[in-house]
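Trainee: Residue numbers (UniProt numbering), protein chains in the order written: chain A, 1 to 369; chain B, 1 to 369; chain C, 1 to 369; chain D, 1 to 369.
If you are wondering where the hints come from, they were derived from the structure by calculation, not from laboratory data.
Be a bit skeptical, because a hint or two may be false.
As the list claims (entries may be wrong) - Away from chain B, derived, C-beta distances all over 10 Å, residues of chain C: (1) Ala24; (2) His35; (3) Pro47; (4) Gly93; (5) Pro144; (6) Pro174; (7) Gly209; (8) Leu219; (9) Ser368.
Stated by the list, open to error - Listed next, the in silico BS3-like pairs over lysine-lysine satisfying Cα-Cα at most 25 Å (straight line): (10) A:Lys55 - D:Lys58; (11) A:Lys213 - A:Lys240; (12) A:Lys58 - D:Lys55; (13) B:Lys233 - B:Lys147; (14) C:Lys147 - C:Lys111; (15) A:Lys213 - A:Lys233; (16) B:Lys58 - C:Lys58; (17) C:Lys55 - B:Lys58; (18) D:Lys111 - D:Lys147; (19) B:Lys233 - B:Lys213; (20) C:Lys58 - B:Lys55; (21) B:Lys147 - B:Lys8; (22) A:Lys58 - D:Lys58; (23) D:Lys58 - D:Lys46.
Claimed, not checked - Listed next, the stretches of chain C that the computed footprint assigns to chain A, with coverage defined by at least 3 CB atoms under 8 Å from CB atoms of chain A: (24) 184-193; (25) 196-207.
Note that this is a predicted model, so its numbers are computed, not measured.
Glycine residues also receive a C-beta, built at the ideal position from the N, C-alpha and C atoms.
Number of protein chains: 4
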Amino acid sequence: MTNQRQYKVGILGATGTVGQRFIALLAEHPFFVIHALGASARSAGKPYGKAVNWKQTKPIPSVVRELVVQECIPERFKECAIVFSGLDADVAGDIEQAFRVAELAVFSNAKNYRRDPHVPLIVPLVNTSHFSIIPQQQRLHSPPLQKGFIVTNANCSTTGVVVPLAALERAFGPIESCMITTMQAISGGGYPGVPSLDIMDNIVPYISGEEEKIEWETLKILGGLAQGDDGLKAFDMHTKQPLRISASCNRVPVIEGHTECVSVRFARRPPPSPQQVREALQNYTSEAYTIGCPSAPRHTVFVHEEVDRPQPRLDRDYQLGAGVSVGRVRQCRVLDIKFVVLANNVAIGAATSSIINAEYAVLKGIVSA
Amino acid sequence: MTNQRQYKVGILGATGTVGQRFIALLAEHPFFVIHALGASARSAGKPYGKAVNWKQTKPIPSVVRELVVQECIPERFKECAIVFSGLDADVAGDIEQAFRVAELAVFSNAKNYRRDPHVPLIVPLVNTSHFSIIPQQQRLHSPPLQKGFIVTNANCSTTGVVVPLAALERAFGPIESCMITTMQAISGGGYPGVPSLDIMDNIVPYISGEEEKIEWETLKILGGLAQGDDGLKAFDMHTKQPLRISASCNRVPVIEGHTECVSVRFARRPPPSPQQVREALQNYTSEAYTIGCPSAPRHTVFVHEEVDRPQPRLDRDYQLGAGVSVGRVRQCRVLDIKFVVLANNVAIGAATSSIINAEYAVLKGIVSA
Amino acid sequence: MTNQRQYKVGILGATGTVGQRFIALLAEHPFFVIHALGASARSAGKPYGKAVNWKQTKPIPSVVRELVVQECIPERFKECAIVFSGLDADVAGDIEQAFRVAELAVFSNAKNYRRDPHVPLIVPLVNTSHFSIIPQQQRLHSPPLQKGFIVTNANCSTTGVVVPLAALERAFGPIESCMITTMQAISGGGYPGVPSLDIMDNIVPYISGEEEKIEWETLKILGGLAQGDDGLKAFDMHTKQPLRISASCNRVPVIEGHTECVSVRFARRPPPSPQQVREALQNYTSEAYTIGCPSAPRHTVFVHEEVDRPQPRLDRDYQLGAGVSVGRVRQCRVLDIKFVVLANNVAIGAATSSIINAEYAVLKGIVSA
Amino acid sequence: MTNQRQYKVGILGATGTVGQRFIALLAEHPFFVIHALGASARSAGKPYGKAVNWKQTKPIPSVVRELVVQECIPERFKECAIVFSGLDADVAGDIEQAFRVAELAVFSNAKNYRRDPHVPLIVPLVNTSHFSIIPQQQRLHSPPLQKGFIVTNANCSTTGVVVPLAALERAFGPIESCMITTMQAISGGGYPGVPSLDIMDNIVPYISGEEEKIEWETLKILGGLAQGDDGLKAFDMHTKQPLRISASCNRVPVIEGHTECVSVRFARRPPPSPQQVREALQNYTSEAYTIGCPSAPRHTVFVHEEVDRPQPRLDRDYQLGAGVSVGRVRQCRVLDIKFVVLANNVAIGAATSSIINAEYAVLKGIVSA
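Based on the sequences and whatever the hints tell you, model everything.
Mentor: What follows is the structure, given as structure tokens:
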């Protein structure tokens, strides 16, 4: 990695929860260098250390403490090769589009473009093949783009479930149905986010829009990217082998780490045994890791043998939260196999995914220098 | 109720978590009078106020503060018509049997006799009809009994799910499959129970034996009690219409109230709509309430309209925790209908069930004076 | 109480946290009848059940569910004898003044008038004698008032500490210094209030303005109300016997109930013994209870003997939270005596205080019919 | 450090909470090498990975996973230069003595020898000068020892307060009185330790023996080590300048990190200003750091400027928890100055202190090779 060239990067929404994570991760990155920080007009003009209400457990990296926050305008970021977006959905749509038009490569954690038919929705441990739609995104844009594009990553709870599902489909062919019950951490709600009076000694069995996101995004991510008769690529939403997904989402009094109880039915009969499933999960490797993305985890899926794991407090920081933990793989009396997934919602479920996506794009030459 | 005669009752395991609940509830009961308290040899001989490490939010009832704790020996309870057992499973087997042999009516919260083919496993809001096996239990006992018998109530997480399932089967016929993911309160683990280091800011996705209990007990409770060719009654374990149940149990940092995400598939095609399910749940009434059991709730199932309810902290104490709350009734993309259940694990999930069972037995003349 | 006449009351800020408490308490009051509910323009015109995001553990009282919420304008409340204010401080100043001018008796939980030299700051278990300034408040008002006045109650953390301090001063004469460290519940911060990300698995050792409130309000409450040379009554701020108070305030992950570690030094030498202090606290009775205020607790101060009490979760609801709990009375190596106080911040620390104040005013004829 | 020789070390009580911390820290130590692990007979003979119920957030270090656990008998540890003890108090007395007699250097986190007049009680950021009593401890032992000795570190809550007090005494001379209210994390109670039912949504205002430890240990640590007329060194317990300490200890629902509200009165009049105190704290450096102990923190006391810090969740892991955080330095109306301290109870409050003590002893030649 020593002769790897460096890339200047910008961070949009730098004072928010996801923005703070981007900063904490990028401050020590081998080839991304934080060059510009963007936030709302209220913060613009202040040194980052004054503008931010820093809530991370590590101190503010010294490289950004005195960096002056900019408004989220492309001119301020023109020296950047890449822009990471941790913007809120209510402003992300327009700002990310402005940056794309300004020929910047945008890696977004926001939901706004996830359903766009030309924007890939990439969980970097799963479907980096979907990067192949970028040229079409640029060509069909009006005006056509040379370097600018948008790549999104998935919702935090979707991320946790698609990684093991991808591993299982790779090993055993299509999954036919999947039931998911999530127990999601409060950090998934941003800051100030969930009021303490709502969640201490409590469960809230509802998160607005979350079940729909899991049910829809999973299909786009696990589905193929097919060339149609018109010569255009299109996401097939897993329709070749219809996949029925039912999600129930709960907010729980956990700070970080989404736990999900998942049960699946395979198309193939007989279905694989729990032991075969365990091995398939453990052996699954992402292309991102194989090609050398520095933030990609060596163990894409870590399979726990202890009967009571994974647990968010003990397992969420393994590999800096970049992988996914699975445990309790066993037979299901209604579908075929059930298991427990843990994914760190603020790491692989958010900023880490964007960063691995950008690493992949750099290593594959998708981002121009 | 004014001319209702009074019944002297004893409580076994009176210093434990469930025992304390029995006392708190029975101290204000319209026709049960606490007469004797049993605990281990270590506590025996002390006034209850000294023997107990009282952990309830209400003060110790004055009627028991000076009552001297007894060893759990039938002679000490011979003036009692009824004995409630909150004993731990490691001692409940022998002690409850000794009390039955001594011709006492035992209403037990322990698991030991739940799988006994002659002992009914009764959730009083569901299957009071199973009391009809009591004469057979007495007759086949060696030696045969006149008044002694054992009735058990269900595991706390089973209780939450069988009430709405019973309501649905009454309205729409048999359920074919059922997926359950529980989020169970720490009080379900007794005292000292769950160490705080294990559960603060955490989820433990495993509770020993719990999934098996839900999967097995539900079948006994919802199944029939059929007369065989040999003239003997037997629990049919819902085998006339096989019911597949798959449970995933989690411990969560909630003090009281088990929340369960449930999804069901009906035998009948097409299945009922969410609105029909809501109405069936809301209209469901227990025989225990109908015949006048004073602790039976008026609303057996309370159906919430708000999208984010039930929540354990807000809803667990409704009707003193004697009913069950259901919310978020909606279609399931994998099975037919899904919803959220909340049941107070220390009320209807434990002591309250035993008490309603005893009230029912009194009102029906099953307990002799 | 049967021939007690009824009084129509209004509640300002009815949809807020304190307003909800007023409603829950007043819905079952022996002589106050909820007649009008006031809230912001956004809520006005809606039935209360629709306007409120009800967060109490008891269901909305049926008597208010359909009551249409009004704007906080005196004309809408003119049939009320009494108005309770749970308004936020940013609007309470003007609105409460408008109601006073309209000749309504205002019992306010807001801080705006607590430092007004003519408005009494009354903790009803302590200084009901300060009601005697009301005629002066009315006479000096411009224009002079016949019936309108404002009475405030104290900040929730002040309330907890002044009750035992008053008991000690009554028994042993003036206290000279007092050190207080609070551990305050999240409900003291209102709703949405404290973000869960700030307080789960955490302590925040700072609450804006809180230490100043305790240090100032305690002096006004425990001080005298002296007649000056100009014939006017004035609060002496305990200056006859200067009292130095030092408070350190912390927010802790507890839902309800403020715990405070208090240490005091008496003027009198030698100081009383821990046993004498215990007795003085236990024997202390409020005038509010003596004259028959129905919400005043029988045990003004409940003194715990167990070494590890009071605890917020176990003790905050004793007497519906209307009294104060004290425990661990023992010698202090720096001052004289130290102990632990628990007060329910949403009961005696807020709505219950206002209600007892109003009951007192009614029973004493200070409120005209 | 490259030519630093390596020292084999043993860990007693290796499967317990403190033992696990020792292992996590020592597995990456520059000159200590884990050589032997001791635990109870129940664990002895098993590979560590099987014997332990590992509860750390990092995986078990690979160097110990297969290491076979030994009984706590000196013969098993005779190749070790140093033994760290995380033993429970009920067995630590005899075992540590056996190891001392066997001429091993014992660095103990247990309380058993803290009050021994020949055993130093050393918080390594404060009183490393007390190591000078070791020769006397060895000489007066029967039989006299060549290499064996015991050094203890302080109770976790004592540690937090003595560091800033030492800094203040160094800068401003003796402190006369000190009031301390602690809010202590559950991890201070070991495992299983505090039951979740006791501490969720709760405060327990009592920790057995804790207040006495703070009041006594602080005097030994901050006091001098004087040569008497008999030629023997003795701890003076700060009696030259009597120091009155009053502690109130509370258990709070925080996982790690003890927060303490401290108020002090200096002997010197006038007392230092808050700004002078801030500077003295910030400038304080430990001898352990100066001489190069690798685990000693660069910032012995980190002084926060933000009004609401330190907070346990955000600040406990700064410098791996080896330093102490102070914030809110301000005047006290009763004593002189008050402030908030945060110390990581499982790091500098336990294992880290023992390790720095051992590093110091190695660098000073107190431990023989």
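Trainee: Hints first: check each against the structure and report whether it holds.
Mentor: Quick rundown of the hints versus the structure:
1. Ala24: holds, 13 Å
2. His35: holds, 27 Å
3. Pro47: Since the minimum Cβ distance to chain B is about 15 Å, proline 47 of chain C lies beyond 10 Å and the statement holds.
4. Gly93: holds, 33 Å
5. Pro144: Correct as stated: the minimum Cβ-Cβ distance to chain B is 47 Å, above 10 Å.
6. Pro174: holds, 34 Å
7. Gly209: Since the minimum Cβ distance to chain B is about 28 Å, glycine 209 of chain C lies beyond 10 Å and the statement holds.
8. Leu219: holds, 34 Å
9. Ser368: holds, 40 Å
10. A:Lys55 - D:Lys58: Between lysine 55 of chain A and lysine 58 of chain D the Cα gap is close to 22 Å, so the pair holds against 25 Å.
11. A:Lys213 - A:Lys240: holds, 20 Å
12. A:Lys58 - D:Lys55: Within the cut-off at roughly 22 Å; holds.
13. B:Lys233 - B:Lys147: holds, 19 Å
14. C:Lys147 - C:Lys111: holds, 22 Å
15. A:Lys213 - A:Lys233: holds, 23 Å
16. B:Lys58 - C:Lys58: holds, 17 Å
17. C:Lys55 - B:Lys58: holds, 22 Å
18. D:Lys111 - D:Lys147: With Cα atoms ~22 Å apart, lysine 111 of chain D and lysine 147 of chain D stay inside 25 Å; holds.
19. B:Lys233 - B:Lys213: holds, 23 Å
20. C:Lys58 - B:Lys55: holds, 22 Å
21. B:Lys147 - B:Lys8: It holds: about 15 Å lies between the C-alpha atoms, which stays within 25 Å.
22. A:Lys58 - D:Lys58: Given pair lysine 58 of chain A, lysine 58 of chain D holds - Cα atoms ~17 Å apart, limit 25 Å.
23. D:Lys58 - D:Lys46: holds, 21 Å
24. 184-193: That given contact holds, which follows from 5 residues of the segment 184-193 of chain C lying within Cβ reach (below 8 Å) of chain A.
25. 196-207: As far as the segment 196-207 of chain C goes, the hint holds, because 6 residues have Cβ atoms under 8 Å from chain A.
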